[in-house]
Amino acid sequence: MTAVTAGRSTRGIVDLVFRARELSIVLALAVLVAVTAAANGNFLSAQGLKDIFLNAAILALLAVGQSFVVITRNIDLSVGSVVGLVAFTVGDVLAANQGLGVGVAIVLGIVIGCVCGLVNGLLVSFGKVPALVVTLGTLYVIQGLDHAIAHGRQINAVDLPRSVLSLGNGSVLGIPYLPLITVVVMLAVGYYLRSYASGRDFYAIGSSPEAAGLAGVPVRRRVMAAYLLSGALAGLGGVLWLARFGTVVADDAHGWELQVVSAVVVGGVAITGGVGTVYGAALGALLLTTITSALVVLKVNPFWQQAITGALLLLAISVDRVLALRVARILRRRNARHGS
Amino acid sequence: MTGAAEATAPHGPGTGDAPPVLALAGVSKSFGAVRALRDVSLELHAGEAHALAGENGAGKSTLVKTLSGVHRPDSGQVLMDGRPVEFHKPADAQRHGVAVIYQEPTMFPDLSVAENIFIGRQPRASLGRIDRGAMRARAAELFARLGVALDPEQPARGLSIADQQLVEIAKALSRDARVLIMDEPTAALSVNEVARLFTVVKALREQGCAVLFISHRLDEIFELCQRVTTLRDGAWIAGEAVAGLTHEALIRRMVGRDLDTLYPKLDAATGEVALKVHRLTREGVFTDVSFEVRRGEIVALAGLVGAGRSEVARAVFGVDRWDAGWVEVNGRRLPPASPTAAMSAGVALVPEDRRQQGLVMDQSIERNIGLTGLKRLRRGPVISRAAERDRARDWAIRLQLKFNRLSDAVNVLSGGNQQKVVLAKWLSTRPQVLIIDEPTRGIDVGTKAEVHRVLSELASDGMAVLMISSELPEVLGMADRVLVMQEGRLVAEIPRAEATEESVMTAAAGRTS
Ligand SMILES: Nc1ncnc2c1ncn2[C@@H]1O[C@H](COP(=O)(O)OP(=O)(O)OP(=O)(O)O)[C@@H](O)[C@H]1O
Ligand SMILES: [Mg+2]
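First to last, the sequence lines map onto chains X and A. In terms of UniProt numbering, the first sequence is residues 1 to 340. In terms of UniProt numbering, the second sequence is residues 1 to 513.
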């Protein structure tokens, strides 16, 4: 009986450690917002807040897709290129066919994203090529494709249907569409990952790929699914990007993959797989975006923005490492104490 | 039942002429140049426990993995209910009702114990969601059946190997399988847990489950099983009823010759105190532990699993810290929590969890054996490759390591042979104080005798040996003195002459007379 009660409190500790990540991001956000607002009142203006949420929405959406992949102990570096490709090609199609609406845009974007995800997924899960190599490759291939299609052209907001533009700038009940979409997707994906058997498979795979195979988890199918989802959300992200900015050139989201991966890691998804939530990842995206905005408001040299993002990443990784060691030690001690 | 049917029903009651639930017919499997299985046949019948015996590297685990869909046979067939089946992946075998406990634990460290058991098969509530309450309850129920106090909600990370093995057992039991395959499920368990496991397995067997059981503890085979198949170097040697078989006969089938004594203990002159542990305490783990080990002496630390024996060993070696007390080696105090200091004072620890703490799995055998002795092998700034290889070869031969080439990675070795590599690694450093945790876990009978011989020789050369062992015969056969721990305290010290199975077990169970 003692061992069981001890187990309960162990769980408490472990739970707390994992919740702690999300709580500490919220705390960091609060401090950051308070300090910046004190220095410059405009930061908290309605427009200022709206900008932050609009900017964070796309990054958070991509972070949700990325966490799926990272939880399975893989990585998807091609998301930035997919966003760029989708934003441009969908914009191109819409500009050429004025009759098309926002629904077609979204479907088209998701389909293109899925195709990219399919290629990644096939190569990683069936081709057994390391994810880093595969997605670094597709990053460049998709980028090249984007440039080839764009051929130096630019999509202009005036050529786009009104319905698409209002998706990027409109709102319902005062809440802009973009963050709304992200939150809905995040909640759905988060609920699926936690509450469905197939959702738990992703964690099992990331925790131990060999054990997952032996336990009968369809490892390749799930990894495939993770890439498909990441691709689909990157596709959706591309359409949102087009809707928000209107004017796009090829390769607009260049370099975003690193921001997305940073957001995911800062949000507590272990780069070694098996641990983390999409909520954490989305919060991580919000934090990174807020930092960028705050630094602009505080008139800090943009060079520092990157340095700070980097420092935050290192901090997150070291905190993960230290926490993991701590937890392991606590658990070992508890087990030693109560025998078996 | 007709007389003829009776005559052809060698598999005990209830099986009659029914085809075996699961069978291998003429199966061969090679890994490169290694022929792990050659033309092996085996039949598992409902209601019967079948043992698989053989030395380390004989091909037992390979056979298990062929039955479970991990490996596909190069030739020959897997038959289910008499019909050929092809398992392409473990999931296929599982669908046919085959549950497997693999030799190496297959845990998801980041998931809870309950999820580890039910992954992919979680109880469902409405809309296909996981019913966590039901999952927890079913896990608790399984643990109750096995008589263990594990919290289903606890993360699997940090579980001791014994607990990991219990979770594996629960996982397999939860499948309500027609065929239960267990590859050394008892290696890390103590007597009580083994007894519980056997009660559960016997009940399953009576309900008609077919069981395949592997263990290097022959007593267990004789207790649980009706039939036994023996492999040697991948070849089928015998398949026979256990009744009427003797230990010696079974060993002869496995090893191919008669074994002389299993406990070749030499008498050694004891010298001065090499290791002195004084009132060592780690809060909540062990309390007030004091003992000495002299040169030339083998001292056994006995007790139930979880009594704190491994923890004391880890603290003495400096892997874990301690809260009070001190440790002296050859009269000099060791600084707490410093394995480096312990090593340079001449202490070596062969840890209990060898796979995780003792090996670099994707490095070669010679590299792994050489890891600890790097300094000694150094000529100038570089490690002498030739010296490394020579030393590795010596020890590999001495411990009867079964390998293809010394440059092979250790992860292709069989489980028992991996254990031997760790032993070789530490024994070859010739420490002054050797702390060895479960020296023969997972090691076959033939090599067991060899390990005992090596330990005995090392001691008579003046080494002080502290041996933790859950195998009573080993403790009684090898130790000059037996220290018994119970719930973190040293409760008895029994000299060799007075040590009997009874005196040690009584002390360990806490009923000191
Ligand atoms: N994946 C692999 N690649 C290469 N060789 C392998 C592989 N798996 C097993 N072997 C070899 O096949 C032989 C049989 O190994 P197996 O694991 O079946 O032995 P075992 O009877 O289970 O031994 P133990 O009692 O030590 O567990 C060994 O020589 C081993 O080195
Ligand atoms: Mg084996």
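Just so you know, the hints here were simulated from the structure itself, not pulled from any lab data. Because the structure is a prediction, the values reported are computed rather than measured. Be a bit skeptical, because a hint or two may be false.
[Unchecked claim] FRET-style restraints, in silico, Cβ to Cβ:
(1) X:317 <-> A:123: 46 to 52 Å
(2) X:126 <-> A:326: 54 to 60 Å
(3) X:308 <-> A:292: 57 to 63 Å
(4) X:47 <-> A:123: 30 to 36 Å
(5) A:126 <-> X:28: 35 to 41 Å
(6) A:126 <-> X:47: 43 to 49 Å
[Stated by the list, open to error] Which chain X residues face chain A? A few, computed with CB under 7 Å, are given here:
(7) 211
(8) 255
(9) 271
Glycine included, every Cβ here is placed at the ideal spot set by N, Cα and C.
Hint compliance check: list the failing hint numbers for this structure, sorted ascending. Numbers 1, 4, 8 and 9 - these are the hints that the structure violates, sorted from lowest upward.
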